[in-house]
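Quick mapping for you: the protein sequence lines, in order, are chains A and B. Residues in the first sequence are numbered consecutively from 133, following our numbering. Residues in the second sequence are numbered consecutively from 361, following our numbering.
One thing to keep in mind: the hints can contain errors.
[Said to hold, decoys possible] Derived lysine-lysine pairs resembling DSS-like cross-links, with alpha carbons at most 30 Å apart: (1) A/634 <-> A/611; (2) A/666 <-> A/444; (3) A/525 <-> A/444; (4) B/666 <-> A/715; (5) A/444 <-> A/421; (6) B/666 <-> A/470; (7) B/666 <-> A/415; (8) B/666 <-> A/611; (9) A/721 <-> A/704; (10) A/704 <-> A/611; (11) A/468 <-> A/421; (12) A/666 <-> A/719.
[Said to hold, decoys possible] Anything over 12 Å on all C-beta distances counts as not near chain A; from chain B, calculated: (13) 417; (14) 546; (15) 548; (16) 602.
These are computed hints drawn from the structure, not numbers from a lab. For every residue, glycine included, the Cβ atom is placed at its ideal position computed from N, Cα and C.
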Amino acid sequence: MPVTPRITAEEARDIQPASTPSQCIRNFCIIAHIDHGKSTLADRMLQLTGVVEERAMRAQYLDRMDIERERGITVKSQAVRMPWQVDGENFALNMIDTPGHVDFTYEVSRSLAACEGAILLVDAAQGIEAQTLANLYLAMENDLTIIPVLNKIDLPGAEPEKYAAEIGQLVGVEPDEVLRVSGKTGMGVPELLDHVVRTLPAPTGDADGPCRAMIFDSVYDTYRGVVTYVRVFDGELSARERIEMLSTGAEHDLLELGVISPEPIPTKGLGPGEVGYLITGVKDVRQSKVGDTVTSSRRGADEPLPGYDEPKPMVYSGLFPIDGSDYPVLRDALDKLKLNDAALNYEPETSTALGFGFRVGFLGLLHLEIIRERLEREFDLDLIATAPSVIYKLTMEDGTEVDVLNPSDFPEGKVREIREPITRATLLAPSEFIGAIMDLCQSKRGNLQGMDYLSEDRVELRYTLPLAEIVFDFFDQLKSRTKGYASLDYDVEGEQAADLVKVDMLLQGEPVDAFSAVVHRDQAYHYGVQMAGKLKNLIPRQQFEVPIQAAIGSRIIARENIRAIRKDVLSKCYGGDISRKRKLLEKQKEGKKRMKNIGSVEVPQEAFIAALSSDGGGDSGDKGKDSKKK
Amino acid sequence: MSAVAPAAAPTAGGHVGSRDLSVYIHVPFCAVRCGYCDFNTYTATELGGGGSQREYPANAMREMDLTVADDAAHGVTYDRVSTVFFGGGTPTLLPADDLVAMLGHLRSLVPFAEDVEVTTEANPDSVTPESLRTLVDGGVTRVSFGMQSAVRSVLATLDRTHDPERVPQAVAWAREAGLSVSLDLIYGTPGETLEDVETSVRSALACGVDHLSTYSLIIEGNTAMARRLRHGEIAAPDPDDMADKYEMIDDLAVADGLGWYEVSNFARTPEQRCRHNLAYWRGADWWGIGPGAHRHRRGMRAWNVKHPSRYAGLLARDELPVQESEQLSEHDRLLERIMLELRIVDGLAVAEIPEQTRGMLAVHRDRGHLDATALADGRAVLTREGRLLADAVIRDLVP
Numbered sequence: 133m134p135v136t137p138r139i140t141a142e143e144a145r146d147i148q149p150a151s152t153p154s155q156c157i158r159n160f161c162i163i164a165h166i167d168h169g170k171s172t173l174a175d176r177m178l179q180l181t182g183v184v185e186e187r188a189m190r191a192q193y194l195d196r197m198d199i200e201r202e203r204g205i206t207v208k209s210q211a212v213r214m215p216w217q218v219d220g221e222n223f224a225l226n227m228i229d230t231p232g233h234v235d236f237t238y239e240v241s242r243s244l245a246a247c248e249g250a251i252l253l254v255d256a257a258q259g260i261e262a263q264t265l266a267n268l269y270l271a272m273e274n275d276l277t278i279i280p281v282l283n284k285i286d287l288p289g290a291e292p293e294k295y296a297a298e299i300g301q302l303v304g305v306e307p308d309e310v311l312r313v314s315g316k317t318g319m320g321v322p323e324l325l326d327h328v329v330r331t332l333p334a335p336t337g338d339a340d341g342p343c344r345a346m347i348f349d350s351v352y353d354t355y356r357g358v359v360t361y362v363r364v365f366d367g368e369l370s371a372r373e374r375i376e377m378l379s380t381g382a383e384h385d386l387l388e389l390g391v392i393s394p395e396p397i398p399t400k401g402l403g404p405g406e407v408g409y410l411i412t413g414v415k416d417v418r419q420s421k422v423g424d425t426v427t428s429s430r431r432g433a434d435e436p437l438p439g440y441d442e443p444k445p446m447v448y449s450g451l452f453p454i455d456g457s458d459y460p461v462l463r464d465a466l467d468k469l470k471l472n473d474a475a476l477n478y479e480p481e482t483s484t485a486l487g488f489g490f491r492v493g494f495l496g497l498l499h500l501e502i503i504r505e506r507l508e509r510e511f512d513l514d515l516i517a518t519a520p521s522v523i524y525k526l527t528m529e530d531g532t533e534v535d536v537l538n539p540s541d542f543p544e545g546k547v548r549e550i551r552e553p554i555t556r557a558t559l560l561a562p563s564e565f566i567g568a569i570m571d572l573c574q575s576k577r578g579n580l581q582g583m584d585y586l587s588e589d590r591v592e593l594r595y596t597l598p599l600a601e602i603v604f605d606f607f608d609q610l611k612s613r614t615k616g617y618a619s620l621d622y623d624v625e626g627e628q629a630a631d632l633v634k635v636d637m638l639l640q641g642e643p644v645d646a647f648s649a650v651v652h653r654d655q656a657y658h659y660g661v662q663m664a665g666k667l668k669n670l671i672p673r674q675q676f677e678v679p680i681q682a683a684i685g686s687r688i689i690a691r692e693n694i695r696a697i698r699k700d701v702l703s704k705c706y707g708g709d710i711s712r713k714r715k716l717l718e719k720q721k722e723g724k725k726r727m728k729n730i731g732s733v734e735v736p737q738e739a740f741i742a743a744l745s746s747d748g749g750g751d752s753g754d755k756g757k758d759s760k761k762k
Numbered sequence: 361m362s363a364v365a366p367a368a369a370p371t372a373g374g375h376v377g378s379r380d381l382s383v384y385i386h387v388p389f390c391a392v393r394c395g396y397c398d399f400n401t402y403t404a405t406e407l408g409g410g411g412s413q414r415e416y417p418a419n420a421m422r423e424m425d426l427t428v429a430d431d432a433a434h435g436v437t438y439d440r441v442s443t444v445f446f447g448g449g450t451p452t453l454l455p456a457d458d459l460v461a462m463l464g465h466l467r468s469l470v471p472f473a474e475d476v477e478v479t480t481e482a483n484p485d486s487v488t489p490e491s492l493r494t495l496v497d498g499g500v501t502r503v504s505f506g507m508q509s510a511v512r513s514v515l516a517t518l519d520r521t522h523d524p525e526r527v528p529q530a531v532a533w534a535r536e537a538g539l540s541v542s543l544d545l546i547y548g549t550p551g552e553t554l555e556d557v558e559t560s561v562r563s564a565l566a567c568g569v570d571h572l573s574t575y576s577l578i579i580e581g582n583t584a585m586a587r588r589l590r591h592g593e594i595a596a597p598d599p600d601d602m603a604d605k606y607e608m609i610d611d612l613a614v615a616d617g618l619g620w621y622e623v624s625n626f627a628r629t630p631e632q633r634c635r636h637n638l639a640y641w642r643g644a645d646w647w648g649i650g651p652g653a654h655r656h657r658r659g660m661r662a663w664n665v666k667h668p669s670r671y672a673g674l675l676a677r678d679e680l681p682v683q684e685s686e687q688l689s690e691h692d693r694l695l696e697r698i699m700l701e702l703r704i705v706d707g708l709a710v711a712e713i714p715e716q717t718r719g720m721l722a723v724h725r726d727r728g729h730l731d732a733t734a735l736a737d738g739r740a741v742l743t744r745e746g747r748l749l750a751d752a753v754i755r756d757l758v759p
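Looking at chain A on its own, in the form it has when it is part of the complex (with noise of 0.2 Å):
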């Protein structure tokens, strides 16, 4: 769409990064639900201020990967400097676009620490989403000034005066001081520009002080090494500078310094409140953490800023290439990736049934499901994915502690006690919902901490539930219970002891370890029946019988058997049938090679991943994750 910019270059010339006085400057992000239009609002704030011309552009201009442009998340953050025009005062405007995903709350609170302000998006026809209020929480938390608007006005379902009162609610301004805008036309956008300038408070931090700049993101970079953006809070960074990196004191020769807008321009230095990146010619994103404080190498500053964590692997798989002469290429393609995810870990991980493969732990299930969907795209391979598994704390009789990160590995006997991580989750639904999310949140065995109406027909509802549960299955059954209503955020806090015990499944009598889960005690025998009866018929019949048995140490909790299959030929095969007989003979001998065999028993890929997949989790990170729209 066509958008005269309301700036020229002209007047954008004396807003120069290294002297724009910080009150000229205002920091800010927008929080949104995925699919509430964050992209397409950030696009049209690029056309307004310039600094994208109308032939450059294209849709959802800031998100880089091609896998975010598809699902419409944003993975890594992008912060862009934008000038603008009040009053006739020039003033620089950084917008960050922050992950919208509970996987990267750590991402996104350091994003949100970088800003002044932010744009509380809710789309006009479907109101908040439970992980838009949490990071709005985690917003209000930050001292952040909140600017509530409504996308998606010109949408003939818009429901402005309803989702106005709910928003003003939560944030505490009346129904009529929430924005209204159309990302799509236009309309609005200069308006809430404008509202930014005057209303976001401008940066403060001690201008003459020793620097101390905070890394919000780090992106790896093929041609350039590691991009690291910053935020200045104190003093200023100057080109060609020495810096310190003050969690592990690692010292660098700065290569660049510079703003996106939106295209990486180098600047001579960046000055107190201003965002932009720098560029030192390191290789791995572990040498840039988000979080952290960069500093002048001399003169520098003693103290971190507030708020620096180390990423922490809340959930496992197991990655198997199918086939396995591709181990060599997962393990490449792994190294590559760690490059741009600090959050990424794997090691080795042998497996009888699928082979060599690595144990990778993520953030989440999206994190995982992100990773896997760029190990097969981005690098070909053809990937089975056990299911997602927790880290259990396990006490042993004699007193040893012991983490388990693969089911498989959990130790028989000998234990006294098992510690599990739990969540607190938050879910909005329509208040017609309650009794089914109560039910769900029941059987995974959740505790109900509260609930509140938002408004007259939402309400939200809090819970303690383990993390293992809500990696199972929780979001198909909530998406599948709820139509899809019901939104849901957690975050991991604590741990809890469980009677959980491990089930193994045998085909034959020999164990498969990619099928063995640990589950509470009271759900043992429910799951063996379900695999075992969801195995039944994924395997094909045999040439004999197959029992697929649960079991709990010696113990078999749960049986089913696969009969022989009794027919196995064509009947006819004269002269004309026998070339093309001979070519299905080795079509089938060819099939064979890609079974794994457990035992004599040949299981088709196929089997493995569906049985893995299906209600394993796995496939839960789309974007339709934890709300359908209605």
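Fit chain B to the supplied structure of chain A, relying on the hints for placement.
Frame of chain A, contents of chain B only:
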């Protein structure tokens, strides 16, 4: 369009010159197309471009001439014709004289063996005592009737037009004319019960046949029946049900004095086995005359264009109507030998099975798929259970 691939070097097979020839003649015409049939057949009596029924015998004879010449050009000649098989389609839709004329022409090109076996397929309602006598006088020795079932509802599902009562009549006429008689049955038709199969087999055996072929119904992708299956009008065949039916057929046939000699074929005596089909399974050379027909010459397979008009058009230009051909590699031939010979009652010599898979023989013996006594004697022979799993056994035995 590829011509026939060069034959293997004349010395490769080591049999150059004096060998037996089998001849398959495909008659691609039917009165009605059956819903399960994916054979190359046409119901229109007048096809353009010289492809009509009336012109068919002349075309077939022309193809025989060209085939002899092609064989000679590749250094191959045959001493005698040992078997001939008219298949279809419905060969008896052509006047008996046409079939006889084709036989006569073939005989003029390659002499017939003393004990030549000449079979024609026939529909029970497409023969008369007179037509059968004409065939016998012209050299036909054997007839195979497409009986399919004795149960009207099953025949209706299969779109078969004949009256089941016609079968014993047709068999009696054929026997009177001096023909050896085989009946074809199809089992596993949607809606068919085990009792229906029993009725059909008993009624076939009651005709006093010498030979029985029983095929489990395969619903091929491009047939009317496959469409009905997709639309949920009929149920998909159940392999366990098929196995029950096969075992019942075997029980009844054996009780009547017939014995299996190939997975789907039973004969009263070894002499009454179909030698033409055995020639296929043992890797002999054969001609394939007619649209879509396949031939085999010393490891070279070729198949004709399918449409009768195109077929006629190529012949009119003195070209062999070959669609495509392939030269079998050593590996292909090994695969085929295991694939085909294991299905026969004589089985396969253990020595023929490559060492890398030979270990599977004992496994299949222990699973009850291979006959223990025969294996001890150095031959892999399927048990009844093994016959039903022949493809699985074959997959384990091919390298």
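Quiz item: Between residue 666 of chain B and residue 715 of chain A, does the CA-CA distance stay at or below 30 Å?
Solution: holds, 20 Å
Practice problem: May I ask you to check that residue 548 of chain B keeps its beta-carbon over 12 Å from the closest beta-carbon of chain A? | Solution: Residue 548 of chain B is in fact no farther than 12 Å from some Cβ atom of chain A, at 9 Å.
Quiz item: For residue 602 of chain B, is the shortest beta carbon distance to chain A beyond 12 Å?
Solution: violated, 5 Å
Quiz prompt | Pair hint outcome, residue 704 of chain A versus residue 611 of chain A [Cα-Cα no greater than 30 Å] | solution = violated, 50 Å
Practice problem: Examine each Cβ of chain A, and state whether all of them lie more than 12 Å from the Cβ of residue 417 of chain B. | Solution: Its Cβ never comes within 12 Å of chain A, the nearest being 21 Å, so this holds.
Quiz prompt | Satisfaction of hint between residue 444 of chain A and residue 525 of chain A, Cα-Cα up to 30 Å | solution = holds, 15 Å
Practice problem: Quickly compare the C-alpha distance for residue 634 of chain A and residue 611 of chain A to 30 Å and report which way the hint goes. | Solution: Cα-Cα ~28 Å, so holds.
Practice problem: Decide if the proposed pair is consistent with the structure: residue 721 of chain A and residue 704 of chain A, CA atoms, cutoff 30 Å inclusive. | Solution: Within the cut-off at roughly 20 Å; holds.
Quiz item: Has the given pair, residue 666 of chain A with residue 719 of chain A, been kept, meaning a C-alpha gap of at most 30 Å?
Solution: Holds - the C-alpha atoms of residue 719 of chain A and residue 666 of chain A are around 27 Å apart, at most 30 Å.
Quiz item: Are the Cα atoms of residue 666 of chain B and residue 470 of chain A separated by 30 Å or less?
Solution: violated, 58 Å
Quiz item: Are the Cα positions of residue 666 of chain A and residue 444 of chain A separated by 30 Å at most?
Solution: violated, 33 Å
Self-check item: Given hint residue 415 of chain A paired with residue 666 of chain B - CA-CA distance at most 30 Å
Solution: Since the Cα atoms of residue 666 of chain B and residue 415 of chain A sit roughly 64 Å apart, the hinted pair is violated (cutoff 30 Å).
In the structure shown, a violation is registered for the earlier hints numbered 2, 6, 7, 8, 10, 14, 15, 16, in ascending order.
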